[in-house]
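Visitor: Now that you have both chains on their own, put them together as the hints suggest.
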Amino acid sequence: MTASPTLKVTIERGPSGAEVFDVPQYDNQTVLDVVSWVQQNVDPTLSYRFACRVGMCGSCAMMVNGVPRWTCRTHISKVLDGNAVTIGPLRNLPVIKDLAVDMDPFFDKWVAAEGIHHGGLTRDDPIAPVDEGSAEREAANAAIECINCSVCYAACDTVAGNPDYLGPAALQRAWTLLNDAKDEGRQTILDAVSGKGGCHNCHSIGSCTAYCPNELDPLAAIAGLKRETAKSFFKRGR
Amino acid sequence: MLNLRLYMLQRLTALLMAPLVIGHLAVMIYAIQGGLSAAEILSRTQGSVAWFLFYGGFVLAVSIHGAIGVRVVLHEWGGMKGALLDGATWLLGAGLLWLGAHAVWAVTFT
Ligand code: SF4
Ligand code: SF4
Ligand code: FES
Numbered sequence: 002m003t004a005s006p007t008l009k010v011t012i013e014r015g016p017s018g019a020e021v022f023d024v025p026q027y028d029n030q031t032v033l034d035v036v037s038w039v040q041q042n043v044d045p046t047l048s049y050r051f052a053c054r055v056g057m058c059g060s061c062a063m064m065v066n067g068v069p070r071w072t073c074r075t076h077i078s079k080v081l082d083g084n085a086v087t088i089g090p091l092r093n094l095p096v097i098k099d100l101a102v103d104m105d106p107f108f109d110k111w112v113a114a115e116g117i118h119h120g121g122l123t124r125d126d127p128i129a130p131v132d133e134g135s136a137e138r139e140a141a142n143a144a145i146e147c148i149n150c151s152v153c154y155a156a157c158d159t160v161a162g163n164p165d166y167l168g169p170a171a172l173q174r175a176w177t178l179l180n181d182a183k184d185e186g187r188q189t190i191l192d193a194v195s196g197k198g199g200c201h202n203c204h205s206i207g208s209c210t211a212y213c214p215n216e217l218d219p220l221a222a223i224a225g226l227k228r229e230t231a232k233s234f235f236k237r238g239r
Numbered sequence: 010m011l012n013l014r015l016y017m018l019q020r021l022t023a024l025l026m027a028p029l030v031i032g033h034l035a036v037m038i039y040a041i042q043g044g045l046s047a048a049e050i051l052s053r054t055q056g057s058v059a060w061f062l063f064y065g066g067f068v069l070a071v072s073i074h075g076a077i078g079v080r081v082v083l084h085e086w087g088g089m090k091g092a093l094l095d096g097a098t099w100l101l102g103a104g105l106l107w108l109g110a111h112a113v114w115a116v117t118f119t
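In order, the protein sequences belong to chains A and B. For the record, in the first sequence the residue sitting at position 49 is 50 according to the numbering used here, with numbers rising by one throughout. For the record, in the second sequence the residue sitting at position 33 is 42 according to the numbering used here, with numbers rising by one throughout.
The set of hints was computed from the structure by calculation and includes no laboratory data. Among the clues, some could well be false.
[Said to hold, decoys possible] To give a feel for the contact side, a few chain B residues facing chain A, derived at Cβ under 7 Å: (1) N12; (2) L13; (3) Y16; (4) L18.
Heads up, the beta-carbon is just placed ideally off N, CA and C, and yes, glycines get one too.
Chain B with its partners taken away, still in its complex shape (with noise of 0.2 Å):
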């Protein structure tokens, strides 16, 4: 049940994803070094544009290949169709989307 555009979106989203999964990895082990500390991370994330800006991609780009891809499943295995499988395609990805942003706001902003 993918088209041309949600095969694209679902592409592109994996493009995205791969090099910021690397980038969280590596600055996970280079920032564990010597001990992390609930505070040490949230002095190094809180008020920061760039973190915020990549996470958020990230949270974006996982809702949209999440979505698509469990669309598929539901479809194939599952006999889902028509509306009702548009419905749960937003509805999955606006859940991650929401997920997502919470957890980034919350170590970002608050």
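Next comes chain A alone, as it looks inside the complex (with noise of 0.2 Å):
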């Protein structure tokens, strides 16, 4: 049996600094299953974050050779720089240990853009219908695969400059709304991405559709807010 070949994986560790660890090499092995051998045989106090290993929670986002990733969604023989990695909390955001970093300002920011349901009926209401076939639903449907996963909020320069500004995801998520036929917060959706945060700051480089692992499109829901909101401004002068 030949040995496997080993990696040398450097972890970003905070304020103690980089630490770098010999893993040993699989087939079909992930970002996250690197960062995982590591706590389980090597340091137990190796902190991170992950759930459901397949894409879908959005949980295990981290930096991987300077670039935001899924991690288990990211073969390690994707992103290998010879045999070397470097794996990091997620960007713009704050580290509470290790590789696990605090997300509630991003979803914070998901509540200030109101990217949240606005109804108008009861239960006793009819259901409104949905036209599948309309633009706006298709406009709604674009982004409803999101996993939250703040890969487009790392990528983001606009949020490493501007800690106000709202970022792709919660911008993203307004828009959506915004064409959805069942919500009726239509007006307190366009104030609140038109405040000092809003999506008036996007430079639309598209860093944040460039890296979203779903391929979904936050640069042009943004677009679209703009617009949006450009309308209502001659409409109303707001």
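Guide: Written out as structure tokens, the structure reads:
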């Protein structure tokens, strides 16, 4: 039996600095597998977050060689630089410990962008019909597969420079709801995305769209919000 | 650090500047045929309400557009915020307007 090749894995561990681990390489090994191997075999105190391991829950995102990725669906062989890789906590969010970041600011901004359902009906009303073929529904459908992983938020340079900026995921959800026939919060949403941290701060460079692991397009959603808010500006002066 | 109002102001001033810049370049190319002197320019612009409005409008648009643009840079790259950022935006806008208005006044009225 030949010895399996060894990976040089650098893990950024916050204030205590980076540590290098030797990790055996396997076939079909993901970045998350590598992190788990270190935690299970070398240092049980290594903190990181995951749940589903199949790209559904959005909890395992980390920086891999400086790029935000969902680690459970990223094969290590795709990101290796020789036999080395550097894994760090997600950018643009406060680090709790090692690879686990505090996601609160990310989710607080979903709420601040009114990325919440604004219902107008009660349980006694008939169910509102949804026209699956309408342009609005198609715009709403485009982003419902968002898994809240914050990869786009970590990729966004505007978030890095402007801490108030609501960020691509929250604004994309606001756009989804704006196009949802069952959501009645139109003006509330438009007002929420027009403030000092709103969609108008986006520089349209598109890192969010480039890095979203689900191939969603927050850049296009934000462009939609800019269009709708501009129309509302001419109609209502705000 | 842009809300909808600042965003719209910046877009609308850009919309205004585009034809004015093209007009400026076109007239420049046309006027320079066969040489051009300062006196020749001034004879055309002095006392002209049309040129005053043309360049006055341009200077106003530039002041607003530029101040908002630099505001974003000051915030995102310089970390400036709050009243300081607002103050810097106004100062820049006023400074650009003063410089530009000075020049427009000089060639159209004095
Ligand atoms: S396009 Fe906008 S939201 Fe997306 S990364 Fe760039 S600034 Fe951020
Ligand atoms: S838009 Fe894409 S990158 Fe952003 S949170 Fe949703 S799934 Fe993740
Ligand atoms: S662990 Fe759920 S998306 Fe990676």
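Visitor: Which hint numbers does the structure go against, in order from smallest to largest?
Guide: Hint 4 alone not satisfied by this model.
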